[in-house]
Structure formats: structure tokens, C-alpha cells
Amino acid sequence: MKKIEKAKMFINNHLHLFQCPVCKNQFIDIKGYQLTCSNRHSFDFSKKGTLHFLLKQSQNEYDKDMLQSRRLIAQEGLWYPVLEKVISVVNNKNGVHLDVGCGEGSHLHHLIQKGLGGTNIGFDISKDAIQLAAAEYTDAFWCVADLAQSPYASNAYDTIFNILSPSNYGEFDRILKSGGQVIKVVPAEKYLIEIRNFVGKNNTPYSNKEVLDKFYQHYPQADRISISYEHNLNFTMWKHLLNMTPLSWNINDSIKEKLILEPFKKITVEMEILIGTKE
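Those letters in the sequence shown? Residues 802 to 1080, per the numbering used here, in order.
Simulated from the structure, these hints should not be mistaken for laboratory data. C-beta: ideal position from N, C-alpha, C; glycine also. Any given hint could turn out to be false.
Said to hold, decoys possible - Per label pair, the in silico range of CB-to-CB distance: (1) Val890 to Glu806: 31 to 37 Å; (2) Arg841 to Glu1058: 52 to 58 Å; (3) Glu1058 to Leu855: 34 to 40 Å; (4) Gly916 to Thr1078: 16 to 22 Å; (5) Glu1011 to His815: 32 to 38 Å; (6) Gln835 to Ile1056: 46 to 52 Å.
Based on the sequences and whatever the hints tell you, model everything.
Following this line, the structure appears as C-alpha cells:
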């Protein structure tokens, strides 16, 4: 079966998980390769088996080259220990799960490989990211969408994953079922500290305090897990890491060339996992 036909079948079986991002009404029909709401707003399926819900073109810094580097680094295991902590705190592993800002899909795919069952949907504002996700991973449904104009139904999801991506807690609470979880992963102070020090950002140490404070404002009883480890890198993965991380995007060419020619053999990964529950 073609990917576009599989996508139509998935949506037809899960219409209750979506709503029109224009008018917030229910989707009621699939005609041809268009999903239509009760007010006749329609959204196209792609040949790759994805749905495009954006109401206007988005601008982002994530080009295909960067996204491919991110996928290779992810598949090589940079974040595996973090993701294994994440899967361990999911309450309903056979529920309905939404990966918000999923990028090229590697995080959600790894969670599924580690035992996440149920219904799995990932979305990102980057069309390039979703195309890569759909081409590489067939174990989830992928959408191009904007969290600010979300196409997801109210009180329909058991788990929201928010891994290294922006948040909208009002929207999260709308989407989640009562008792549903938001699992957010954020960098801690020493995340990729070797690169930060090399490019001269050690004078302004990274702090996630503002992010943590905002999370606790919305989920005062939230749990928090800290994780820190070193990850070995070969030269190829080192180059992909530099291409992927925003820490290297705005440095001058001479510093970047020196970084490439003098690779670190290990990199520090320090993260915090925040687990909030909708009352």
C-alpha cells in the first residue's frame, strides 16, 4: 500500500484526535487526498504520507543539511540515555502520544523502539524535517503543523513529549486528557560544555532557570530528573555535531575550522527531564 493511502487510513481511524486549525471544528471527511472539516476548510495529504496543517509559510533556521546531521547524531546514540529515562516515566505506554517539535523524528522513533506503544504522532513546523521523518520512520504519523495554531483535538492525548523544543502550556493542557503527562527535556548548564567553552561562551554560563520556573508555574507538583554523561565521538560524528548545534552557527570561520580540525573525542550531555501532570 502506498504511503498516502496508509495516511488516509490512519486519519480515517483517528479523526477524533484532530481538529481544524482554522475554525477549531471537527474534521468530518476525506475527499480524494484532502481532509475536510465541517466548515469546508481542507488540508492536503502528501505523497510521502504526511499532512500539512500550516496556515502560512514558516521561517526557521533548520535546513536539510542540518537536519540530516541531527538525524545521524541521534541514530548514533547521543541522546539514547536521556530517551531511556523518558520512556521509563511514561504512565500509559499504550496511550495516545504526541511529539511536539519532533524534528526529523528520531526521538519518537527511539521511544517506540524502547517500548512506547499505542498511537504515536509527531509534528514540526519544518516541512523539511517532516519529510525526513516520513522517509525514514514508518512507525508514527507525521504532520507539518504550528503549535500556535494546533490541529489537535481537546482532551485527546495521554502524553506530550516536548524534547529540546519550544512549549505552549495552555495548548498542552487543552490537548491533554485529565491525568495526562507533559514530559519536557531541556539542556542543563554543562550540555555540550566543551563546544561552549571553545567558542567563548563560557563567560555567560547557560542557565535553564527561566524555563524551569515557567514549567513549575504550570505544573507545581512536577517531578524532575537530572542526567549527565559523556558520549564518545568519532571524527565524522564530531562534524555532524558541529553542523547540528546552534552553538556553532554564528561563530567566525577561523574558529569553526579550528574546531573541525581539533575534534573532541568526548562530549558532555547534561539534561533535565521535567514531568508535569494535567489535573
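These are the hints, each one checked on the structure:
1. Val890 to Glu806: 31 to 37 Å: holds, 36 Å
2. Arg841 to Glu1058: 52 to 58 Å: With a Cβ separation near 55 Å, Arg841 and Glu1058 satisfy 52 to 58 Å, so the hint holds.
3. Glu1058 to Leu855: 34 to 40 Å: Once the Cβ atoms are compared, 37 Å apart, the range 34 to 40 Å for Leu855 and Glu1058 holds.
4. Gly916 to Thr1078: 16 to 22 Å: holds, 21 Å
5. Glu1011 to His815: 32 to 38 Å: holds, 36 Å
6. Gln835 to Ile1056: 46 to 52 Å: holds, 49 Å
Hint violations for this structure: none, all hints satisfied.
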